[in-house]
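Undergrad: In this text, residue positions in the sequence shown follow the numbering used here: the first is 1437, and each later residue adds one.
Keep in mind that the hints were calculated from the coordinates and are not lab data.
Incorrect hints may have been included.
Label pairs and their computed distance ranges (CB to CB) [what the hints assert, rightly or not]:
{"hint": "1", "residue 1": "1525", "residue 2": "1707", "range": "54 to 62 Å"}
{"hint": "2", "residue 1": "1771", "residue 2": "1794", "range": "15 to 23 Å"}
{"hint": "3", "residue 1": "1487", "residue 2": "1462", "range": "26 to 34 Å"}
Just so it is clear, CB atoms sit at the ideal spot from N, CA and C, and this is done for glycine as well.
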Amino acid sequence: KIFQAVVSCIGGDGTIYIIPKSFETALNKLMAEIQNTFKGLGLLIPYCWKKGEACVVRGSDTVWYRAKIVEVSGSTLLVQYIDRGYIESIPQCHLYPTTFYTSIPPFCIPCQLYKTLPIGNFWQQDAVDYLRELLKNEEVEIHVEELPDNPWGKLSISLYFGGMSLSSFMAYQKYCVAEDCQDIQKLGVFEGDLSPSYLLQPLPFPGETFPVTVTHLVSPKEVYICLDSSGNLSKHSATERAASHDSESLNKALKWCNKIVKTLPHLTNFKKELPCLAEYVDGLWYRAKLLSITQLVPVQILVQFVDYGTYLVAPTSRLRHIPCHLLKYPVQAVRVLLAGFKPTADDKNVERIPYSPEWSLKALWTMVDCVEGKRLSASILTVSPEVTISLYGDDKNLVHLKLIEMGLAELDE
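Please put together the full structure from these sequences, using the hints given.
TA: Structure follows, in C-alpha cells:
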C-alpha cells in the first residue's frame, strides 16, 4: 500500500513515527473532544502510577494529549504521546489518569526502514539528529513493505521524500547500508557519461486562450511565460491541469532539495546547457542550466533559471549537481515573442537596452508595469520558427497597446 503521511517524530532509536494524512480529520476531532473534556491542571492528589497506564498529559503548549506511562521515577514520569510518538519527562501534576479514549487505536504508526541496516547495528546519534532535521513535521510518501509480527511492532516501509528514497539517501550519507539500493543512482550525485537535459513544457493548441504569468522580460517583445495554475482548474485544458500538477510536484521536490543541498557535490563539469542546481540571490536553490563561462579567475558562470527565464552570473560555490528525479518535470518558463508591435524610430529616449538597442529602457519598464503581478492570458499564433503569442492584460486588451499610445512602439501588421 502507498499513502501520504506526516512524520510526527523520530525516536531516539531511529524509529520513524508517521501519521497518515487520511487520519488527520479523525485525529483533529479527537483532540478537540479531549480539550473540551479536560480543562485546568492535572491530578494534584497523590496517585500510584503504573507502567503502561493510559493517561492524558498537558504538554508544554498547554494542550492535552493522549499518552501512556513508559517509566515511573519519583515525582516525574516518562510518558509517550501515543498519537505523536515522542517521549518526554513530565511532572505528575501535568497528568491525569483516564480510561477515556482507550478504545481508539493510536493515530501514529511506528516504522522502520525496510532492509536497511544502520552502521554499528543501531542508529547513531548524528544519524538520528539528521533524520529529525530532515523529516520532522514533513509530508512524505510511504510504501508499506512488510507488516510486523506483533501488532505493536514497527511497520517496515520504504519512505520517499521529494521523489527520493530515504534508505538510499541515508546510505549515500554513510549512515547505513541499504540492501535494496537500486535507485541510489537517481540521486544524480555521480558523474556519468550521460548528458541529461530538461523536458520541454507542452503548450496549448494555437488559437486557444490560456492564463499565463510573465516571469522574465528580455525586451518588450521577448519574454518568458509560465502557464498560470491558479484559479478554477476544472475550466482549464488538460495541458494546463498537467502543468499545474507538475508545478506543485516540482515545488515540493525543490523544497526537499533545499533541505539536503549541502550533501550534493559541487559541479566539476561545465558543459554548456548542463542542468544543475543554482543558488539565487534569495538564498534558495532552483533548477538551472549552464550557458557560458564569463570569467576564469575566479571562475564565474552564466546560468539561466529554467523555471523563470532569469539569468545569473554565479561562482562555482553556488552551483551543485541536480538530482536526476528533478529532470522529469518539464521546464516551467517558455520563451516567447509577442506579436503585433515593433520598435519605433520615433522613440527618442537616449537610454537603450544594451543588448537590444532597438528598444529604449523606458519601453522595457513600461512593459514591466503592464505585466508584473497582472492576471494575463495568451493565445499562440505560431510555434515555428519561434513561439509567437498575443498577450492580453486583465482588461482583455493587448498589453502592447500602452507602448503604442506612449509612442514607444508601433503596430506591426
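Undergrad: State for each hint whether it applies.
TA: Hints versus structure:
In this structure, residue 1525 and residue 1707 meet the distance hint of 54 to 62 Å, their C-beta atoms being roughly 56 Å apart. At roughly 18 Å, the beta carbons of residue 1771 and residue 1794 sit within the given window of 15 to 23 Å. Between residue 1487 and residue 1462, the C-beta spacing of about 28 Å keeps the proposed range 26 to 34 Å intact.
Taken one by one, the earlier hints all hold for this structure without exception.
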